[in-house]
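Asks: Please build the complete structure, drawing on both the sequences and the hints.
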Amino acid sequence: MNDTETRLRDYLHAKADTVPDSAHGPGLELDSTGTSTRRRWVPMAIAAAGIAAVLTLAVPFLHGLVKHDEQPSVSGLPARGPVSAGAPKIPYTTLVQNNPDNPLDTWWAAVHDGGKSVKNPGVKGNVVARTEGGWLVNTGYPDPDKAQVAVVSTSGKVRPIGPLGAFGPRVSPDGQQFAVALSKFGRAENRVVVVDIRTGKEVSSLTVKTPNLELLGWNKDGIWLDEHSPDPVAVKLWQPGSKDVRTVGTFSAGTLHVTRSNNTVTHITFKGDRSCVTAATLGAQGLEAKREYCFKAPVAAAYVSVSPDGATMTISNIGVAVDIATGKVTKMKLPATAKWFEDAIFEDPDNIIVVDESGPAQKLFRCAVATGECKQVAVAKPDEIIQQVQP
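For what it's worth, the UniProt record's numbering labels the leading residue of the sequence shown as 1, then goes sequentially.
Simulated from the structure, these hints should not be mistaken for lab results. Careful: at least some of the hints might be erroneous.
[Stated by the list, open to error] Taking lysine-lysine pairs in the DSS-like style, the calculated list, with each CA pair at most 27 Å apart, reads:
#, residue 1, residue 2
1, K157, K116
2, K296, K328
3, K271, K243
4, K146, K209
5, K290, K220
6, K333, K375
7, K184, K124
8, K331, K296
9, K116, K375
Replies: Here's what the structure looks like:
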C-alpha cells in the first residue's frame, strides 16, 4: 500500500457509500468572492486499492498519563495576530481526474510551492516532501520492483536516488536523508535503507526479521517500523548508525502518528463509542502519555497532526486543536457545513491548512490553533483533487 492509499483508507470506509456516482473532482483556484462552482471527489479506483486494512483495537504501552496551473502569490504570514488570507506556505499537488494518462487517478499533475508551479514530468507516484532544490517523490507505480525515490527539481528534472524496489520513504528530522523499506510479500527478512538526498548514496541500513515491512515515520528518537498488517503488531524503533532495535509496544494499523520535527507521537484508541487521542513521548518503558483527549466518535475516522514544536495536536473529524501541556481545547471556526476529513498540515507552530470537503468544490482554509479563527485561502477548480504535502 502506498502513502496515498494509506491516507485514504479510513476516509473511504466512512464516505464511499454516501457519495453519488455522478460526482466530479476539484481543482485549485482562488476566488475573491469566496464562492465555488461544482465538485465532489470520487476516486473509486483508489478506493479499491486503498481499502486494504481495518483498524482494530490497539494494545498500547502507555505510561504516566496526564490528563493545488496558477499559484496564488504568497503574502507574509505573521506567527501571531490575525489570520492571513495569503496562499499556503506549504507545498501541495493537484491531480486531474478522468485523465486518460492517469486512469487510476493515482499520481499528481502539478506541484505548487511558494509561487512556483511545476508540472509532473512523468512521475508515477506521489510527492513526499519539500527538499533542497525541489521535492522528494515516489516513482514506478504500480510495479513495486520499479519503485524508487527521486527528486523533482524546480525546473522539472527528475533525479532518481536510492535503491529500486523501495517504498514508503520517510524524511529525516533534519531533512538531509530519507529512509525506505526494501520488502517483498512473503519474505521473512527485509531491509531498512537510509539514503543521503544530496549525494544519493546509501549511508546506513538494517536487516530485520519483519515480514511486510513498513516505515511509520522518522523523528528524533529514530525510525519507527512495523509489519504491515490489519492486526495489532509490534512497533520497533531504530536509530540509524546503531545496531540496536527497540520494541516500543503493540499497536493497530493506522493508529500511531510520528512527526519528524519533534519527539511527540500520537496514538488513537477506542473505548466503546468514544475515540481517544493520546500525545506521548518515548520513555524507558515505552510511550509515556502527556495528554489524552477523548470524544464521541463520529462516522469519519480521525486524523491527528502535531505542530512542529510538539506543543499542539489537531483532530480532523471533530475540528479541534488541543494544547498538549494544558489540555486547552480550541474549536476551529470553520463554516458549519465544513467537512474536514484529512489531516491538517502545520505551516508553523501557530497555523494549520485544512481541506474542506463539503459542497460542490474543495476549499482550503488557514486556521490559527490558539484562537480557532479560520480564513478561506483557495477554492477548487473542476476535475482536480488537492493533496497537501509536508513541508
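Asks: Can you confirm whether the C-alpha distance between K146 and K209 stays at or below 27 Å?
Replies: Distance ~23 Å between K146 and K209 Cα, so the pair holds.
Asks: Would you check the hint for K331 and K296, treating anything up to 27 Å between C-alpha atoms as holding?
Replies: Measuring from Cα to Cα gives roughly 15 Å; hence the hint holds.
Asks: Under the criterion that the straight-line Cα-Cα distance not exceed 27 Å, is the pair K184, K124 satisfied?
Replies: Holds, at about 20 Å.
Asks: Just to be careful, I want the Cα atoms of K290 and K220 compared with a cutoff of 27 Å; is the pair within it?
Replies: Roughly 17 Å between the alpha carbons, so the hint for K290 and K220 holds.
Asks: Quickly compare the C-alpha distance for K296 and K328 to 27 Å and report which way the hint goes.
Replies: 18 Å, holds
Asks: Checking one constraint from the list: CA of K333 to CA of K375, max 27 Å. Satisfied?
Replies: 9 Å, holds
Asks: For the pair supplied as a hint, K116 and K375, confirm whether the alpha-carbon distance does not exceed 27 Å.
Replies: Roughly 22 Å between the alpha carbons, so the hint for K116 and K375 holds.
Asks: Measure nothing beyond the straight line between the CA atoms of K157 and K116; if it is 27 Å or shorter, mark the hint as holding.
Replies: Given pair K157, K116 holds - Cα atoms ~14 Å apart, limit 27 Å.
Asks: Sort out whether K243 lies within 27 Å of K271, counting only the CA atoms.
Replies: 37 Å, violated
When each numbered hint is compared with the structure, a violation occurs for hint 3 only.
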